[in-house]
Amino acid sequence: MFKQHMAEKRALKVIAGINNFNFENVKNVVMAAEKAGASMVDICADKQIFDMAREFTNLPLIVSSINPMDLFNAFQWGADAIELGNFEAFDRSFSAQEVLNLVQETLNLLGENKIFFSVTIPGNLEIAEQIKLAMQLEEMGIDLIQTEGSKNSMSEGALGLLEAAQMTLAHTIEISRNVNIPVMSASGLTTTTAGMAFAAGASAIGVGSCINKLGSYLEMTAMISNFVEILNKQSHRSEMFV
Numbered sequence: 020m021f022k023q024h025m026a027e028k029r030a031l032k033v034i035a036g037i038n039n040f041n042f043e044n045v046k047n048v049v050m051a052a053e054k055a056g057a058s059m060v061d062i063c064a065d066k067q068i069f070d071m072a073r074e075f076t077n078l079p080l081i082v083s084s085i086n087p088m089d090l091f092n093a094f095q096w097g098a099d100a101i102e103l104g105n106f107e108a109f110d111r112s113f114s115a116q117e118v119l120n121l122v123q124e125t126l127n128l129l130g131e132n133k134i135f136f137s138v139t140i141p142g143n144l145e146i147a148e149q150i151k152l153a154m155q156l157e158e159m160g161i162d163l164i165q166t167e168g169s170k171n172s173m174s175e176g177a178l179g180l181l182e183a184a185q186m187t188l189a190h191t192i193e194i195s196r197n198v199n200i201p202v203m204s205a206s207g208l209t210t211t212t213a214g215m216a217f218a219a220g221a222s223a224i225g226v227g228s229c230i231n232k233l234g235s236y237l238e239m240t241a242m243i244s245n246f247v248e249i250l251n252k253q254s255h256r257s258e259m260f261v
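Its first residue numbered 20, the sequence shown is counted upward by one per residue in our numbering.
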């Protein structure tokens, strides 16, 4: 499903959170994503949460971590995909070389085993570094690049979201021009800015904080449904001009 939606440029990954180990919150996010028709759910590297998510959704599950052994364990659990990142959830910056080392370590653990592998490009890197890293990741056989904003000089509240969205969209434009693998935009995207990601060259978007911070399953379902509706309309408009 996720690959099909990427090809149609309407893929929506709902992010529970790389550091979100709140069982009930993740359960609500997972059930809301299933109900609203998202393309994939992104969860932390926790076996109990993974098993719960498998119970409550048939959507593809992608497990995120910055620890290669966590990602290998997720493969063994039966995850549909793994993701190195996102990095903006942590209090320190990551260099391009650190990302390459972590990716290589994960690939070494996987050996001959194959799984859909997404990697986030740290938003703190200069754009030239991001492009170079994306090209190196493509050469390593990575399936999907995820862009993010930068925590540097971010404002609070709605303005901060807009700034993050602007940065991840700018990164998406530059990276998608230089690689042939799909690119996903994430960081600060809202129902207002989501459609812009596909115009910027994205094949998918990832949304998290605007969903997992909501107080109830019903609110989460309504928000995800809004995103799905927007992306479906966006995809339909694109088809009309092909």
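Hints should not be assumed to be uniformly reliable.
[Claimed, not checked] The following label-pair restraints were derived from C-beta to C-beta distances:
#1 A26 / E248: 38 to 44 Å
#2 A26 / L129: 31 to 37 Å
#3 M20 / L237: 19 to 25 Å
#4 L129 / R73: 31 to 37 Å
#5 N197 / N77: 31 to 37 Å
#6 M88 / F42: 18 to 24 Å
No lab work stands behind these hints, which were simulated from the structure alone. Ideal Cβ positions, reconstructed from N, Cα and C, are used throughout, including at glycine.
Hints, verified against the model:
{"no.": "1", "hint": "A26 / E248: 38 to 44 Å", "in the structure": "violated, 20 Å"}
{"no.": "2", "hint": "A26 / L129: 31 to 37 Å", "in the structure": "violated, 25 Å"}
{"no.": "3", "hint": "M20 / L237: 19 to 25 Å", "in the structure": "holds, 24 Å"}
{"no.": "4", "hint": "L129 / R73: 31 to 37 Å", "in the structure": "violated, 21 Å"}
{"no.": "5", "hint": "N197 / N77: 31 to 37 Å", "in the structure": "holds, 35 Å"}
{"no.": "6", "hint": "M88 / F42: 18 to 24 Å", "in the structure": "holds, 22 Å"}
Hint compliance for this structure: hints 1, 2 and 4 are not met, and every other hint is.
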